[in-house]
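If you read the protein sequences in the order shown, they are chains H and D.
First residue of the first sequence? That's 1 in our numbering, and the numbers climb one at a time after it.
First residue of the second sequence? That's 1001 in our numbering, and the numbers climb one at a time after it.
Hints are supplied without guarantee of correctness; some may be wrong.
Calculated cross-link-like contacts (lysine-lysine; reagent style DSS-like; alpha-carbon spacing at most 25 Å) [unchecked claim]:
(1) Lys159(H) <-> Lys1007(D)
(2) Lys1107(D) <-> Lys234(H)
(3) Lys375(H) <-> Lys424(H)
(4) Lys234(H) <-> Lys139(H)
(5) Lys1107(D) <-> Lys162(H)
(6) Lys4(H) <-> Lys159(H)
(7) Lys4(H) <-> Lys162(H)
Hints are computed from structural coordinates only; laboratory data are not their basis.
From a predicted model like this one, the values you see are computed outputs, not experimental measurements.
Spelled out, the chains give:
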Amino acid sequence: MTLKYPSQAVATPYFIAAIGLFVAQILFGLIIGLQYVVGDFLFPEIPFNVARMVHTNTLIVWLLMGFMGAAYYLIPEEAETDLHMPWLATLMFWVFLVAAALTVLGYLLVPYATLAEMTGNDLFPTMGREFLEQPTITKIGIVIVALAFIYNIGMTVLKGRKTVVSLVLLVGLVGLAVFFLFSFFNPLNLVQDKFWWWWTIHLWVEGVWELILGAILAFVLIKVTGVDREIVEKWLYVIIAMALITGLIGTGHHYYWIGAPEYWQWWGSVFSALEPIPFFMMAVFAFNMVNRRRRNHPNKAATLWALGCAVMAFLGAGVWGFLHTLSPVNYYTHGTQITAAHGHMAFYGAYVMINLAIISYAMPILRGREANGEKAQVLEMWSFWLMTVSMVFITLFLTAAGILQVYLQRYSDNPQSFMVVQDKIELFYWMRFFAGVVFLGGLVAYIWSFFVPGEKTAAQMAPVGQAGEGGSAVTPGV
Amino acid sequence: MAQAFTKEMARNIFYGGTVFFFLLFLALTFDTHLALPDRDRRELLDPETDLGQQIALGKKVWEDNNCVGCHSLLGEGAYFAPELGNVYTRYNNSTDGIIGFIKSRPKDGIPGRRSMPQFNLSDEELEGVAQFLKYASQIDAAGWPPNIEG
Ligand code: HEM
Ligand code: HEM
Ligand SMILES: [Fe+2]
């Protein structure tokens, strides 16, 4: 099986680098997870804040790499034409990778203050804020890569077939670039600093990224289920409409306690309480499409990732988000392990899993086969369960730690100090660490599955698009 | 979904809803910025004053050393080390207490325990970061945190 459009091949290095950075992310997650209980681990060589920065920044960069790979893969297929400038996509890949590598090396090799000085942070201070720790020149690099990327994708869409999937993806990507610009705004006034910081952070994950998520999910579902595009597109519009209708003003759930007026407790609570709706619809949509499938795609693993993504995004973002989003609850849980519990499952369920879904679907094709062999898929599905179940446990342990933390430090009659409480809930941090080790095991299994030699299955030899309902013995992985 | 509900209707809800709620969000943002002067203590930030310059230096020190990579400030940041939005009040309204703590961190940490790095800040930087944290404690954060422990 060959690619429909040769230029789709530029996606391959993006996917590979994404997975490489994913490994780095998890290794550093384990380092900070251990530092939570063995406080002097790697101190003072790699202090907690440095390792945490590597953990969260590699996460963001690999998700962006994955989104770009996804767009380069799916846009030519949707537009039914080759990519406008494949060489530009390859060039930007290297620019992005080198910038990311240099930034991480900078974090690890010199003290952060030295890095700030070396990169001229005084001239244009943007560093030292959560998730936006990158030196200003790295941020400028990200903008250049994003512009070249959007230009390339946009031109491809313009010259080819314009589908709803491409359009929604494009709107999401433009939004991603536009809201990133707020990372350059860093006023001295702390309240304003925090207010606008959320225009990047919240309007990404609970705004425009949901469009990207919806578009990629729709693409994968169209491919693996063969369901009529009209139906998928209608769902997609409704989902993203609900995402933005609730999520824009939902930003208010971050404005309760940072100095903004009290009315945000109403606006934020009401609108963000509705934010689970689009995630719930995504889950219903995914199962609906798979149940109504018109073909049995041989790539069972990709179907599993797509369904898992919709379910886990609903749990992590919808359920765990709702848990602490009403202002009277958030008053007690704000900035505790409850926040960390939610952050982990939401990022994993929504954005890690959608990336793994598109990689799972596209990588076999990029490697010249419609789907991987049976053995490779079984291993990949093991990795799905290992990572997903261990992430559920990470979330549960952090939630338990968070409930105790809130009670002991903020709610009981004799509130205790932060560090005293941390000692008391140590057991849960140990359990989180071990769940993290299992997660790493799942990731190793995932990577291993790429190297399992393929044997041809009957389904694989059937020409694409002809394996209708009952046309093959393969059942989707539900 | 029922036939009567077409893709075009779904699309219109998306565009219409997005535009409407984005404009509403902008209006609220505008109103917030009108209300902020009474809440955010911006009068302390006047660059003409010594205090304003100290706070500006303090915010730079805060950012250049990535303090938010371990601590939270008004509940945002990391959860590895104590909340600092109210550290000034927790230290009995004393900037000297804050300075003394930062200054005395052991270079090689504390065996087996979490420890803050020794940043080797100058006296001026120490004063600045303490004034920055004092300023943060004076922002009207709607009664958060629930108690002195942060
Ligand atoms: C995929 C979507 C989402 C992702 C990736 C995500 C991720 C995160 C992360 C990483 C944080 C911590 C930010 C920080 O460090 O300060 C956070 C905070 C928060 N999230 Fe989400 N989130 C998502 C969706 C939602 C939804 C749908 C809701 C509400 C229903 C929600 C409610 C909250 C709240 C209330 C906070 C603030 C917690 C605090 O006060 O400490 N999130 N989210
Ligand atoms: C081996 C598994 C992992 C471990 C042990 C781990 C550990 C940690 C720790 C200790 C923190 C810092 C919490 C703090 O600020 O005090 C953190 C933050 C974070 N991690 Fe992980 N992590 C793991 C996997 C992941 C995965 C798979 C994701 C993404 C899907 C992720 C996303 C995040 C995010 C978004 C934050 C910032 C959270 C916030 O600000 O609320 N981590 N992680
Ligand atoms: Fe949010």
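Can you name, in rising order, the numbers of the hints this structure does not satisfy?
2, 3, 4, 5
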